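Visitor: Hey, can you work out the whole structure from these sequences and the hints?
If you're matching them up, the sequences are chains X and H in order.
Numbering of the first sequence is given in the numbering used here, commencing with residue 3 and proceeding in unit increments.
Numbering of the second sequence is given in the numbering used here, commencing with residue 657 and proceeding in unit increments.
Calculated directly from the structure, the hints in this document are not laboratory data.
The model shown is predicted, which means the values in this text are computed figures rather than measured ones.
In this text, a Cβ means the ideal position worked out from N, Cα and C, and glycines have one as well.
Just to be clear, a hint being listed does not mean it is correct.
[What the hints assert, rightly or not] Listed next, the stretches of chain X that the computed footprint assigns to chain H, with coverage defined by at least 3 CB atoms under 8 Å from CB atoms of chain H:
| hint | segment |
| --- | --- |
| 1 | 8-22 |
| 2 | 66-80 |
| 3 | 156-163 |
[As the list claims (entries may be wrong)] Taking lysine-lysine and the DSSO-like style, the derived pairs with C-alpha atoms no more than 27 Å apart in a straight line are:
| hint | chain 1 | residue 1 | chain 2 | residue 2 |
| --- | --- | --- | --- | --- |
| 4 | H | Lys707 | X | Lys140 |
| 5 | X | Lys173 | H | Lys667 |
| 6 | X | Lys72 | H | Lys707 |
| 7 | H | Lys707 | X | Lys85 |
| 8 | X | Lys16 | H | Lys707 |
| 9 | X | Lys56 | X | Lys74 |
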Amino acid sequence: MAILPPREDWPFQKIARDEKIWMGIAFCVSIFLFLWMIIWHVYAKQNPSFVTYKTTPEEFYQLTKAFIEKYKVGEENGIPVVKPPPGSDVFMIGMQFRWEPVLILKKGEEYRLHISSLDVVHGISIQPVNMNFMVLPKYDYVLTIRPTSSGEFAVICNEFCGIGHHMMIGKIIVEE
Amino acid sequence: MSEEKRSSPIKDFFDDFMLLLFLGVTIYAASYLIWGLMELAWLPPIPDEIKQSLLGR
Chain X
3 MAILPPREDW
13 PFQKIARDEK
23 IWMGIAFCVS
33 IFLFLWMIIW
43 HVYAKQNPSF
53 VTYKTTPEEF
63 YQLTKAFIEK
73 YKVGEENGIP
83 VVKPPPGSDV
93 FMIGMQFRWE
103 PVLILKKGEE
113 YRLHISSLDV
123 VHGISIQPVN
133 MNFMVLPKYD
143 YVLTIRPTSS
153 GEFAVICNEF
163 CGIGHHMMIG
173 KIIVEE
Chain H
657 MSEEKRSSPI
667 KDFFDDFMLL
677 LFLGVTIYAA
687 SYLIWGLMEL
697 AWLPPIPDEI
707 KQSLLGR
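Guide: See the structure below:
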């Protein structure tokens, strides 16, 4: 396929110096890019660290219900509002076509946010900070979060999940 | 005296670009597939401490 065919015994020839140098440069670049992924993850703080657990929609719903009962402080349009203590495990479930519950979190405190779906694949999109994660049934996706700004954040579904997809709007409130 | 071309298995392998293309796609596809299946198979369940803290049992 080359313009000039290589010598028949090319696999047994000694590698030339300039070729060795180029191979060395290519090797160093690939190692640097590999290490850069790790450095970027640690220092840029753009990629979230997460853990995933295996679960069932029934189990996750039961846990979310228990979480709501434990920390419920009110209701908003029929959706329970919860205020969990800082540092705790926080549950949010996506279902056709709502997010449950509304979360009240404290600015600067760390939470372990558990997200899963009761039915189909959803996508959790926290706006306007634009954080997006997949929400899959049978998997508990745990994000360690620390809200850095206060206010109301809309939680929308960014994975088409059915006829009421556009109405699937939840809320996270971050207090000072 | 017949002139026989000297050939080696390594040369034949590296000269077969269709084989290289096939292996280049297949090896990575299979590796990622197996890696993904292993990840899914080895996922732990939700820890009991979390369940107990909410369900109280």
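Visitor: Decide, hint by hint, whether the structure agrees.
Guide: Against the structure, the hints come out as follows:
1. 8-22: holds (count 5)
2. 66-80: Contact hint for the segment 66-80 of chain X vs chain H: holds, 3 residues under 8 Å.
3. 156-163: violated (count 0)
4. Lys707(H) <-> Lys140(X): Holds - the C-alpha atoms of Lys140(X) and Lys707(H) are around 16 Å apart, at most 27 Å.
5. Lys173(X) <-> Lys667(H): Answer violated: Lys173(X) to Lys667(H) is near 63 Å, above 27 Å.
6. Lys72(X) <-> Lys707(H): Status holds; Cα separation ~13 Å.
7. Lys707(H) <-> Lys85(X): With a Cα-Cα distance of about 18 Å, the restraint between Lys707(H) and Lys85(X) holds, given a limit of 27 Å.
8. Lys16(X) <-> Lys707(H): Violated - the C-alpha atoms of Lys707(H) and Lys16(X) are around 64 Å apart, more than 27 Å.
9. Lys56(X) <-> Lys74(X): holds (26 Å)
The structure shown violates the earlier hints numbered 3, 5, 8.
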